[in-house]
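Assemble chains B, C, D, E and F onto chain A, guided by the hints.
Protein chains in written order, with the UniProt record's numbering: chain A, 1 to 69; chain B, 1 to 69; chain C, 1 to 69; chain D, 1 to 69; chain E, 1 to 69; chain F, 1 to 69.
Keep in mind the hints are simulated off the structure, nothing from the lab.
Hints may be right or wrong, so weigh each one.
Stated by the list, open to error - Listed next, the in silico DSBU-like pairs over lysine-lysine satisfying Cα-Cα at most 35 Å (straight line):
hint : chain 1 : residue 1 : chain 2 : residue 2
1    : E       : 17        : C       : 34
2    : E       : 34        : B       : 34
3    : C       : 54        : D       : 54
4    : F       : 34        : F       : 50
5    : D       : 50        : C       : 54
6    : C       : 17        : F       : 68
7    : E       : 68        : C       : 18
8    : A       : 34        : D       : 68
9    : E       : 68        : C       : 17
10   : C       : 68        : F       : 17
11   : D       : 17        : D       : 34
12   : D       : 68        : C       : 34
13   : E       : 17        : E       : 34
14   : D       : 68        : C       : 50
15   : E       : 68        : E       : 54
16   : E       : 50        : C       : 68
17   : F       : 68        : F       : 54
18   : D       : 54        : F       : 54
19   : A       : 17        : D       : 68
6 protein chains.
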Amino acid sequence: MRYGVRNDLMATVQAVKKGDIMSQIECTLDAAGKLSSVLTTDSVAELDLKPGDKVHLLIKAIHVIPAKD
Amino acid sequence: MRYGVRNDLMATVQAVKKGDIMSQIECTLDAAGKLSSVLTTDSVAELDLKPGDKVHLLIKAIHVIPAKD
Amino acid sequence: MRYGVRNDLMATVQAVKKGDIMSQIECTLDAAGKLSSVLTTDSVAELDLKPGDKVHLLIKAIHVIPAKD
Amino acid sequence: MRYGVRNDLMATVQAVKKGDIMSQIECTLDAAGKLSSVLTTDSVAELDLKPGDKVHLLIKAIHVIPAKD
Amino acid sequence: MRYGVRNDLMATVQAVKKGDIMSQIECTLDAAGKLSSVLTTDSVAELDLKPGDKVHLLIKAIHVIPAKD
Amino acid sequence: MRYGVRNDLMATVQAVKKGDIMSQIECTLDAAGKLSSVLTTDSVAELDLKPGDKVHLLIKAIHVIPAKD
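So here's chain A without its partners, still in its complex pose (with noise of 0.2 Å):
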């Protein structure tokens, strides 16, 4: 299956914490990967960012599909 996205990463679950109606779950990448990352020009701008960089990848984990086989 091939899906819509840019980011696929392997993880293994590691916690699962079940609430009323969203749950939580903590996971481990299986290796560090590649991420991209889609923002406006203007900010790539304003942040000046170029390759050799070191950013921060914020990532609100509601963001985050898990997909199981």
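Structure of chains B, C, D, E and F alone, referenced to chain A:
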């Protein structure tokens, strides 16, 4: 600075592709690290997610926010 | 009222499940209708998306916004 | 493959419009089907959502993820 | 029309920049108003968020939906 | 710290409501400020958005990220 997101991964920018409104950057993670996901409790049950499971973690590039010192 | 979203589907609420902070509603669409997706051009190439293709359209429930007269 | 999303709708691609970084695809749903929404309990109360209500379901195209076998 | 979102701010459009697939609009808020945020309880604890705190509220432009009468 | 988001508004926390997995915070903006939105060019045409227009800016609380020094 502390952010109200669960996932804050250190990475190195490898490439920057600039478009008219949006731009795309490619990064490599500096380490494997951890990732949290929040999803509905129904989905956790449907996927029968539990510690030890191997999963894909799918993340749209639009949801990955670079931050730079 | 016109909204800056591509997808505006009419539906009927079937069930409401209330939680402490978040709630979940289940709806049935009144008609099949159309759906637009925006994704990176790289992903379109990778999936080789073209007219006539059969696809799954995956949508997190958190991204579905009900509006009521 | 099972995904950690509540909504998985089958559709047929009708058109693909390619841009420099992002692209837009138009699809028709193969059947009316069901849609789940997660929103705050405050919003459910404010909209007084209950079974039988007619609602618009608004979804930004950026949040619709195509997946293809 | 009532929407299943917590934040509905009145604003005036100042500029519109059109791209091939996506466009960007700049607005000024008509008043300071209120903003709600939903995040994990873990993040609230980690940021030790409490009444009176001064915070930045970060919002990607892709998540701001204009609606017009 | 600079973030790859267009909108960074200063605010004061007024209330914190904690749930099992998710929590909700209410804030007041310290000033009216500016807000950017990114949406499809089709939607800009459909709404006929142009400078001077009065608009609602709808933002789901899940997309508002607090950050604290």
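Hints breached by this structure: No numbers; nothing is violated.
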